[in-house]
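*Asks:* So the chains spell out like this:
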Amino acid sequence: MMEKGVQRWVVDISKWDPSTNGFSFALSLLPQHHHSSILRFVKKGDRKRALISCLLQYALVHEVLGIPYQDIVIKRTSEGKPFLECGRVCFDFPNFNFNVSHHGDYVAIASEPLCLVGLDIVCHMIPEKETVLEYVQNFSSCFSSLEWNQIITAGSNDEVLSEFYRYWCLKEAYVKAIGSGLAYGLHKVEFHHTGWTNISVKVDGILNSQWRFWLSYLGKGHWVSVARGHPRSAIESYKRSLKQTKFNEEEYNEGLLLPNPRFVLRTVEELFSVIHKAKCSCLSS
Amino acid sequence: MASLTGVSLKLTPLSSSFKPTQVPFLGVSNVNSVSFPSLTMRPGSFRIRISCAAKPETVDKVCKIVRKQLALPADSSVTGESQFAALGADSLDTVEIVMGLEEEFGITLEEESAQSISTVQDAADLIEKLLEKKGA
Numbered sequence: 001m002m003e004k005g006v007q008r009w010v011v012d013i014s015k016w017d018p019s020t021n022g023f024s025f026a027l028s029l030l031p032q033h034h035h036s037s038i039l040r041f042v043k044k045g046d047r048k049r050a051l052i053s054c055l056l057q058y059a060l061v062h063e064v065l066g067i068p069y070q071d072i073v074i075k076r077t078s079e080g081k082p083f084l085e086c087g088r089v090c091f092d093f094p095n096f097n098f099n100v101s102h103h104g105d106y107v108a109i110a111s112e113p114l115c116l117v118g119l120d121i122v123c124h125m126i127p128e129k130e131t132v133l134e135y136v137q138n139f140s141s142c143f144s145s146l147e148w149n150q151i152i153t154a155g156s157n158d159e160v161l162s163e164f165y166r167y168w169c170l171k172e173a174y175v176k177a178i179g180s181g182l183a184y185g186l187h188k189v190e191f192h193h194t195g196w197t198n199i200s201v202k203v204d205g206i207l208n209s210q211w212r213f214w215l216s217y218l219g220k221g222h223w224v225s226v227a228r229g230h231p232r233s234a235i236e237s238y239k240r241s242l243k244q245t246k247f248n249e250e251e252y253n254e255g256l257l258l259p260n261p262r263f264v265l266r267t268v269e270e271l272f273s274v275i276h277k278a279k280c281s282c283l284s285s
Numbered sequence: 001m002a003s004l005t006g007v008s009l010k011l012t013p014l015s016s017s018f019k020p021t022q023v024p025f026l027g028v029s030n031v032n033s034v035s036f037p038s039l040t041m042r043p044g045s046f047r048i049r050i051s052c053a054a055k056p057e058t059v060d061k062v063c064k065i066v067r068k069q070l071a072l073p074a075d076s077s078v079t080g081e082s083q084f085a086a087l088g089a090d091s092l093d094t095v096e097i098v099m100g101l102e103e104e105f106g107i108t109l110e111e112e113s114a115q116s117i118s119t120v121q122d123a124a125d126l127i128e129k130l131l132e133k134k135g136a
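Line by line, the protein sequences give chains S and Z. For the first sequence, the residue numbers in UniProt numbering are 1 to 285. For the second sequence, the residue numbers in UniProt numbering are 1 to 136.
These are calculated hints, taken from the structure and not from any lab test. Every clue listed holds true.
Each computed PhoX-like pair below joins lysine-lysine, with the alpha-carbon atoms no more than 25 angstroms apart:
hint, chain 1, residue 1, chain 2, residue 2
1, Z, K64, Z, K129
2, Z, K55, Z, K129
3, S, K75, S, K243
4, S, K44, S, K75
5, S, K43, S, K220
6, Z, K133, Z, K61
7, Z, K61, S, K43
8, S, K277, S, K15
9, S, K43, Z, K64
10, Z, K68, S, K43
11, Z, K55, Z, K133
12, S, K43, S, K129
13, S, K43, S, K75
14, S, K129, Z, K61
15, Z, K61, Z, K134
16, Z, K64, S, K44
17, S, K239, S, K75
18, S, K4, S, K277
19, S, K246, S, K202
20, S, K129, Z, K64
21, Z, K68, S, K44
22, S, K15, S, K220
23, S, K202, S, K239
24, S, K129, Z, K68
Because the structure is a prediction, the values reported are computed rather than measured.
Please take these sequences and the hints and turn them into a complete structure.
*Replies:* Structure, rendered in structure tokens:
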């Protein structure tokens, strides 16, 4: 039952090149109040990603929770994290929540029925204006000395970049799970792993065993990280949006130890179809 | 605060359909505003902001750094009103922009204040405030 609340979807938007009308149609599938937050992006690629990200949220909430389209209320915290407003709609999961990420060719969404979830996509982009070492040096204060050492001694430029992006991506997933922004103190969140599996985190030097992390390869040089952790770690503004943040050990482990499925590839057309149908069934009822 | 000139009071409701859940905070830096964006940007929230508007040259320099970092086409408009997230800055870009600004102006942006910046104007205002402090 709880397993159904664990979702991992990804969309490859590289092949979706809508005309102005095509884009308008896609936009019309979303409630009016989301339009300006999508249209204000200057670059077309960013607008596309923002639009698909929003569609993914509606599609997931509708499919997994069965909430009718017109009853879905998605808002953002003051830090910008989207969340589903519970309101008068009850659902079966103790603390359903989700997170989205987009970068390059991919837009992805992850949801959990109990634990917090955060995700981040990185693209292995090679810096153009500076050397790899110069580039990563910009971010050195965001890493613990252990992590930094792993990065700069990784080997070739490609290997250094790869280490860098993967550590970054994990930190982002954690920070996004708790609802924070680009936080100070990223260097205090230290990741440990064996070959990028069995990933664990130490916060301020203390191992936090209530978190799990996974890294997987999406394709075309893109990696995605997923973080799953205890709702009490959420920052205040995000905590207020959560249904339940206190759990006893047994309850919490039910959520923590759920499987972490692979990302499922959904197409843009499928998303349109799901939402279009959901909208129409609202209109006819 | 007493030495501020050209103070402007701005009340900016960004979305009329959004119900504010927080009382707007009156001050130079708004603790309720979104952090320097790594998440996608925030929608409507009421902000009351007393700002000492930065010199146009400072705003221009910030625009230039942002343009370069985000590889924006020459014809795209970047002004004081431009939001970093809307220009396409992701979390990595944000760190690099902050570093670029620190280098250009010879200042250090504290994490907490960096988190209250969401537009080019915000950045320029904060930079001038820091330069003023430095010069004093």
